[in-house]
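Participant: Sequence:
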Amino acid sequence: MIFIINLAANIYLLPHTNQIMNNFVNKYVNDKTDFSTKTNIHMRLDSSTYINMESFDIKNNVGYKFNLDNFKGDVLYKKLVADVIKWDSLKRKWELSSYSIRYIDGLNEKMVYGLGQKKDTILDMRPDDFSAYANVYQNIPTFDLIQKVKKERVRGSGVMSDLQFEQYKRFLHPLSAFVLTLIGVALSSRKVRGGVGLPLGIGIFLSFIYIVLNQFAQMFATKGGFSPLLAVIFPSLLFGVLGIYLLYKAPK
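If you're matching positions, the sequence shown starts at 138 in my numbering and goes up one per residue.
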């Protein structure tokens with residue numbers, strides 16, 4: 138029952154509570170000067186479309202020195218360059234300023250200039266894709282997160298490990314309730330001189346080790362190239378084996 142409640146809370150409730158917490162942390166705790174601008178951005182929108190920009194102002198949703206390349210196979214056939222790209226939240230579109238478009242057909246080329254002009258365009262990206270806050274993925278609703286993982290497989294923007302870790306964590310971390318309960322039952326069945334103090338202390342110590350191990354696993358998955366799935370399941374698997382062993386050794 139605890140596992141089912143924990144799983145439901147992880148899938149449906151946790152993203153909303155995380156959003157409240159992380160909005161507060163990002164606004165009042167994190168140093169905003171370190172996160173106001175993201176630089177040197179490269180992203181693949183689909184199998185034939187690539188973008189890059191020199192910098193993106195996260196606060197104002199404005200990018201600078203924007204480039205968009207369209208390919209047919211390995212051949213570049215269209216290149217768009219804009220001094221400024223800005224997200225229009227009302228139109229739900231991107232607005233390009235001072236742009237030029239180069240069409241390439243073999244040895245033939247055509248240039249379209251929009252210097253000093255503006256142009257609306259629809260691109261498969263949103264300002265949230267450029268967020269510099271590592272905790273932004275914790276705020277995404279679970280089923281939106283699953284879709285974002287599928288999209289990032291194509292994009293290759295470098296956040297795949299973070300997204301996959303968050304996805305697996307929501308479905309597999311509820312196992313910790315079962316694992317720690319198993320260890321608790323095994324320890325509480327032992328009668329020792331002095332009462333429950335020693336088993337309680339051992340239980341608290343093991344819980345602390347479990348939490349620390351989870352944090353290390355997350356760090357290795359998101360920063361060290363370790364498999365996100367293994368990082369999520371390894372602590373529960375290790376302590377599950379320990380719990381079964383302690384239960385086997387417990388007095389009958």
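These are computed hints drawn from the structure, not numbers from a lab.
Keep in mind that a hint or two might mislead.
[Said to hold, decoys possible] Straight-line Cα separation of at most 25 Å, DSS-like style, residue types lysine-lysine; simulated pairs:
no.	residue 1	residue 2
1	K247	K216
2	K223	K164
3	K216	K164
4	K202	K247
5	K209	K175
6	K360	K223
7	K247	K175
8	K228	K209
9	K255	K285
10	K196	K247
11	K216	K228
12	K386	K360
13	K360	K216
14	K175	K255
15	K285	K223
16	K228	K247
17	K164	K209
18	K256	K209
19	K164	K175
20	K164	K215
21	K256	K228
22	K215	K247
23	K223	K202
24	K196	K215
Participant: For each hint, tell me whether it holds in the structure or not.
Facilitator: Right, here's what the structure says about each hint:
| no. | hint | verdict |
| --- | --- | --- |
| 1 | K247 with K216 | 11 Å, holds |
| 2 | K223 with K164 | 23 Å, holds |
| 3 | K216 with K164 | 38 Å, violated |
| 4 | K202 with K247 | 21 Å, holds |
| 5 | K209 with K175 | 29 Å, violated |
| 6 | K360 with K223 | 31 Å, violated |
| 7 | K247 with K175 | 32 Å, violated |
| 8 | K228 with K209 | 29 Å, violated |
| 9 | K255 with K285 | 30 Å, violated |
| 10 | K196 with K247 | 36 Å, violated |
| 11 | K216 with K228 | 24 Å, holds |
| 12 | K386 with K360 | 38 Å, violated |
| 13 | K360 with K216 | 33 Å, violated |
| 14 | K175 with K255 | 23 Å, holds |
| 15 | K285 with K223 | 22 Å, holds |
| 16 | K228 with K247 | 29 Å, violated |
| 17 | K164 with K209 | 43 Å, violated |
| 18 | K256 with K209 | 24 Å, holds |
| 19 | K164 with K175 | 17 Å, holds |
| 20 | K164 with K215 | 40 Å, violated |
| 21 | K256 with K228 | 12 Å, holds |
| 22 | K215 with K247 | 10 Å, holds |
| 23 | K223 with K202 | 11 Å, holds |
| 24 | K196 with K215 | 30 Å, violated |
Violated hints, in rising order: 3, 5, 6, 7, 8, 9, 10, 12, 13, 16, 17, 20 and 24; the structure is consistent with all others.
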